[in-house]
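Sequence order for the protein chains is W and G.
Going by the numbering used here, the first sequence opens with residue 1, and the numbers climb by one from there.
Going by the numbering used here, the second sequence opens with residue 1, and the numbers climb by one from there.
Take these hints with a grain of salt, some might be off.
Beta-carbon label-pair distances, calculated as ranges [said to hold, decoys possible]: (1) G/Glu145 with W/Ser12: 46 to 56 Å; (2) W/Ala378 with G/Ile168: 54 to 64 Å; (3) W/Ile306 with G/His228: 51 to 61 Å; (4) W/Lys8 with G/Ile168: 12 to 22 Å; (5) W/Leu399 with G/Asn199: 44 to 54 Å; (6) G/Asn199 with W/Ser12: 43 to 53 Å; (7) G/Asp201 with W/Arg20: 53 to 63 Å; (8) G/Asn199 with W/Lys8: 56 to 66 Å; (9) G/Gly59 with W/Leu399: 17 to 27 Å; (10) G/Phe46 with W/Phe303: 55 to 65 Å; (11) G/Asp169 with W/Met321: 39 to 49 Å; (12) W/Met321 with G/Ile18: 42 to 52 Å.
Only part of the chain W face toward chain G is listed, based on derived beta-carbon distances under 7 Å [said to hold, decoys possible]: (13) Leu3; (14) Glu95; (15) Met96; (16) Ala407.
Think of the hints as simulated: they come from the structure by calculation, not from any bench.
Even glycine gets a Cβ: it sits at the ideal position worked out from N, Cα and C.
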Amino acid sequence: MKLIDIIKSANSNLLRNKGRTFLTILAIFIGSFTIIATSGIRTGVNNYIDTQMESAGGEGYIEIMPKALQEIMQSMMSFGSSAPTEYNPETNSTEMTVISEEDLEKIRQIPGIQSVKGARNIEAEYITSAKTDKKYLISPQALPSDRITIDIAEGRMIDIGGSAPEIILQPGYAEVLGYQSDADIVGETIELAVTEQATMQVQLVEVKVVGVLNKSIINMGRSWVNVAAETEILDVLYAHMPESYRNMVMFATAEWDSSLGDEGLEKIKDDLDALGFTGMTFEDQVGMIKSFFDAIILVFTIFGGIALLAASIGIINTLFMAVQERTREIGLMKAMGLGRGKIFLMFSVEAVALGFWGSAIGVGVAYLAKLIINPVAADTFLKDLPGFNLMEFDISMILILVAVVMAIAFLAGTLPARRAAKKDPIEALRYE
Amino acid sequence: MSRLFSKKVLLLLTTCYILVYIMLLNKSILSIKNLTKTYGKKSSAFAALKGVSLDINKGESIAIIGKSGSGKSTLMHILALLDKPTSGSVEIDGVDSNQLSNKELNRLRNRRFGFVFQQFFMNANDTVLNNVILPLKIGGVAIRERKKRAMEALKAVELDDKAKNKAIDLSGGQKQRVCIARALVNNPKVIFADEPTGNLDSATGAAIEDLLFNLNKEKGITLIVVTHDAELAERCQRQLHIKDGQIIAPNADILKKGARV
Numbered sequence: 001m002k003l004i005d006i007i008k009s010a011n012s013n014l015l016r017n018k019g020r021t022f023l024t025i026l027a028i029f030i031g032s033f034t035i036i037a038t039s040g041i042r043t044g045v046n047n048y049i050d051t052q053m054e055s056a057g058g059e060g061y062i063e064i065m066p067k068a069l070q071e072i073m074q075s076m077m078s079f080g081s082s083a084p085t086e087y088n089p090e091t092n093s094t095e096m097t098v099i100s101e102e103d104l105e106k107i108r109q110i111p112g113i114q115s116v117k118g119a120r121n122i123e124a125e126y127i128t129s130a131k132t133d134k135k136y137l138i139s140p141q142a143l144p145s146d147r148i149t150i151d152i153a154e155g156r157m158i159d160i161g162g163s164a165p166e167i168i169l170q171p172g173y174a175e176v177l178g179y180q181s182d183a184d185i186v187g188e189t190i191e192l193a194v195t196e197q198a199t200m201q202v203q204l205v206e207v208k209v210v211g212v213l214n215k216s217i218i219n220m221g222r223s224w225v226n227v228a229a230e231t232e233i234l235d236v237l238y239a240h241m242p243e244s245y246r247n248m249v250m251f252a253t254a255e256w257d258s259s260l261g262d263e264g265l266e267k268i269k270d271d272l273d274a275l276g277f278t279g280m281t282f283e284d285q286v287g288m289i290k291s292f293f294d295a296i297i298l299v300f301t302i303f304g305g306i307a308l309l310a311a312s313i314g315i316i317n318t319l320f321m322a323v324q325e326r327t328r329e330i331g332l333m334k335a336m337g338l339g340r341g342k343i344f345l346m347f348s349v350e351a352v353a354l355g356f357w358g359s360a361i362g363v364g365v366a367y368l369a370k371l372i373i374n375p376v377a378a379d380t381f382l383k384d385l386p387g388f389n390l391m392e393f394d395i396s397m398i399l400i401l402v403a404v405v406m407a408i409a410f411l412a413g414t415l416p417a418r419r420a421a422k423k424d425p426i427e428a429l430r431y432e
Numbered sequence: 001m002s003r004l005f006s007k008k009v010l011l012l013l014t015t016c017y018i019l020v021y022i023m024l025l026n027k028s029i030l031s032i033k034n035l036t037k038t039y040g041k042k043s044s045a046f047a048a049l050k051g052v053s054l055d056i057n058k059g060e061s062i063a064i065i066g067k068s069g070s071g072k073s074t075l076m077h078i079l080a081l082l083d084k085p086t087s088g089s090v091e092i093d094g095v096d097s098n099q100l101s102n103k104e105l106n107r108l109r110n111r112r113f114g115f116v117f118q119q120f121f122m123n124a125n126d127t128v129l130n131n132v133i134l135p136l137k138i139g140g141v142a143i144r145e146r147k148k149r150a151m152e153a154l155k156a157v158e159l160d161d162k163a164k165n166k167a168i169d170l171s172g173g174q175k176q177r178v179c180i181a182r183a184l185v186n187n188p189k190v191i192f193a194d195e196p197t198g199n200l201d202s203a204t205g206a207a208i209e210d211l212l213f214n215l216n217k218e219k220g221i222t223l224i225v226v227t228h229d230a231e232l233a234e235r236c237q238r239q240l241h242i243k244d245g246q247i248i249a250p251n252a253d254i255l256k257k258g259a260r261v
C-alpha cells in the first residue's frame with residue numbers, strides 16, 4: 001500500500017464517524033488555539049518592544065540605584081508581606097538609599113566606567129505657553145547620557161551640554177498649547193512652572209522646544225531636558241535650601257566602554273554590587289518587562305498544553321473505538337496481504353491527521369481572531385500606542401506548533417495502532 | 001558466438017530447459033506434507049490437524065468438507081498462509097512457505113490468492129468500485145491501472161453498472177458477486193471460498209456457484225471451497241472429507257469424479 005493511499009484512507013476513515021471525529025478535533029483545536037493565540041500575543045508584544053527598543057534605547061549606558069532602595073521598592077511590590085523586619089543600619093538606613101558624591105566618585109573609579117551622572121529629582125508644576133492660558137501637567141527629566149537614543153517624531157535631539165535650556169516634549173502637547181502641529185511647536189519657547197520647595201512660590205522657567213517624541217510605552221511619559229534646563233529648574237526648586245538637599249541623588253546613569261562586551265559588563269555589575277549598588281542596562285530593563293509578560297504567557301501555554309494532553313487521551317479513545325469497530329476490516333486487509341507495519345501506519349496516520357486538522361483549524365481560527373481583535377484593540381486600549389499589533393504570527397512558530405501537535409497525536413495513536421497491527425487475521429475475521 | 005557452445009552442449013541445454021518446463025507445468029500449486037496444528041499448551045493442547053498431506057493441482061476445483069470443529073477451517077487457513085502449521089510444510093509452486101519472510105508471505109497472498117467469505121466482509125459505506133479496488137490498493141497498483149482492472153473484474157461478475165453504488169445498497173447475491181470480483185481483481189492463481197453460498201438462498205447460491213466454476217474453467221483459477229453443503233461439494237472435481245483433523249479418504253483418486261488428468 002502506498003503512503004498516499006494510506007493518508008487518503010486515513011482521512012476518509014475519519015469521516016466515517018463524523019461526530020466522534022469532530023469532537024476529538026474540537027478538543028485538539030481548543031488546546032492548539034490557546035497556545036497559538038497566546039504565543040501570537042507574545043510575538044505581538046515582543047515585536048512591539050523590540051521596535052521600541054530600536055527607536056528608544058541605546059547601548060553603552062547603565063542605570064544605577066542603591067540596593068537598599070531596590071529592596072524598598074521590592075518590598076512595596078510584595079503585597080501584604082507579614083512580619084516586621086528588624087532595622088539594620090548596614091542596609092536600611094536612609095543614607096544607604098541615596099547615592100552620595102563620594103559614591104559617585106567610587107563608581108567613577110570602576111574600570112570600564114567612562115562617566116557617571118546622578119539623576120537629580122526635578123519636578124515641574126505644569127507646562128504652559130504664551131499662546132494659551134491653559135496649564136497641563138508634565139514630568140520633565142534630565143537626559144543623563146546622549147547614548148540613550150530616543151524616538152523623535154519631529155525636530156532634533158537636545159544638546160545635553162548646551163548652554164541654552166532645551167526640552168523634547170511628549171507627543172500631544174503641541175495642540176493643547178495652541179500650536180497647529182508637532183512641527184509647529186519645534187523651535188518655540190514654552191514655560192515650565194516650578195515651585196520653590198521652601199516657599200511654595202511658583203516661578204516660570206523658559207525652555208526651548210527642540211523636538212517631539214513618538215508615542216511609546218518605554219518612555220513612560222517623560223519629557224527630556226538638557227543640563228542647562230535641569231540647572232534652571234533645580235535653581236528654582238531648591239532656592240533657599242541647603243546645597244546638600246539639592247544634590248541628593250537616588251539614581252545615576254553611567255556610561256561604560258561597550259567595547260568590553262558582555263564580560264566587561266558583568267564585571268562592572270559585580271563591582272557595582274560590591275559597592276552596594278545594582279546596575280541595569282536598557283536590555284535588562286526591557287528583559288524584566290519581557291520576562292514578566294512571558295510568565296503570564298507561560299501560564300496560558302501550560303493551560304493549552306493541559307488541554308492538548310486531555311485531547312490526546314481523546315485521540316487514544318477515538319482510535320481504540322475505531323480499531324474495535326474495524327476489527328473485521330483489519331482482518332480482511334491482513335488476509336489480502338497488508339503487512340503489520342502498514343496497518344500500524346494506517347492508524348497512526350489517522351491519529352496524526354486528527355492532530356493536523358485540530359491544530360490547523362486552531363491556527364486558522366487564531367488568524368481570524370487576529371483579523372478581528374487587532375483593529376478592535378488598536379481602537380481601544382492600544383489607542384495611544386501606534387504600531388502595536390496585539391497579535392502577530394510567526395510562521396516558524398505556527399509550523400512548530402502544528403508539528404508538535406501532530407507528534408503528540410502520533411504518540412497517542414501508537415497505542416491503538418499497535419493493537420490493530422497485532423490483530424490475528426483469523427481471529428479478526430471471526431470477530432462479531 | 002556460436003563457437004563458444006558446441007552443438008552438443010546446446011542440445012543438452014535445450015533438453016534440460018524443456019524438462020524443467022514440463023516439470024513446472026505438472027507441479028501442483030499447493031502441496032502440504034504431514035501437516036499438524038496444535039492449539040494451546042501441554043495439558044490443554046488440542047490437535048486441530050493430525051498429519052495431513054495433500055497436493056492441489058493447478059486449475060483444480062476442490063471441496064474441503066467437514067463438520068464444524070473438524071479442522072477444515074484450520075486447513076484452509078494454513079493453505080491460504082493465514083496461519084502457520086505446528087509441524088509439516090506448505091509448498092506454493094514448489095516454494096516452501098517456511099522459507100518466506102512475513103513480507104514475502106503478504107506479497108504472495110496479495111498477488112496469488114483471492115478470498116470469498118460467507119459474511120462478505122465489505123466496507124458497507126464505501127462504493128462497490130472501492131471495495132473491489134482494495135486488494136490492488138494494498139498491492140500498491142497505480143491509480144489508473146486499479147480502476148481499469150476493477151472495472152474489468154466487475155464486468156466479469158456483471159456488476160459494472162453498479163460500480164458507483166454503495167455496497168450497503170446491494171442484495172446478498174450482488175454483494176457476493178462484488179466479493180468475487182474483489183477476489184478476482186488481482187488475477188489470482190487460487191481462490192479460497194469459505195462457505196460462499198452460506199448466506200444466500202438456493203437460487204442466488206446456485207448463480208454464485210456457476211460464477212465460481214466458470215472462473216475455474218475459463219481462467220484456470222484453482223478453486224478451494226470450504227463448505228458443508230453437499231451439493232456444492234459435488235460440483236467440485238475433488239472432495240476432501242475432514243474428520244477429527246484428518247482426511248478420511250486420503251487417496252484422492254478413489255473419490256475423483258468426472259476424472260480429468
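Evaluated hints:
no.	hint	verdict
1	G/Glu145 with W/Ser12: 46 to 56 Å	20 Å, violated
2	W/Ala378 with G/Ile168: 54 to 64 Å	55 Å, holds
3	W/Ile306 with G/His228: 51 to 61 Å	58 Å, holds
4	W/Lys8 with G/Ile168: 12 to 22 Å	21 Å, holds
5	W/Leu399 with G/Asn199: 44 to 54 Å	52 Å, holds
6	G/Asn199 with W/Ser12: 43 to 53 Å	27 Å, violated
7	G/Asp201 with W/Arg20: 53 to 63 Å	37 Å, violated
8	G/Asn199 with W/Lys8: 56 to 66 Å	31 Å, violated
9	G/Gly59 with W/Leu399: 17 to 27 Å	58 Å, violated
10	G/Phe46 with W/Phe303: 55 to 65 Å	56 Å, holds
11	G/Asp169 with W/Met321: 39 to 49 Å	26 Å, violated
12	W/Met321 with G/Ile18: 42 to 52 Å	60 Å, violated
13	Leu3	10 Å, violated
14	Glu95	85 Å, violated
15	Met96	80 Å, violated
16	Ala407	27 Å, violated
Hint violations for this structure: numbers 1, 6, 7, 8, 9, 11, 12, 13, 14, 15 and 16, all remaining hints satisfied.
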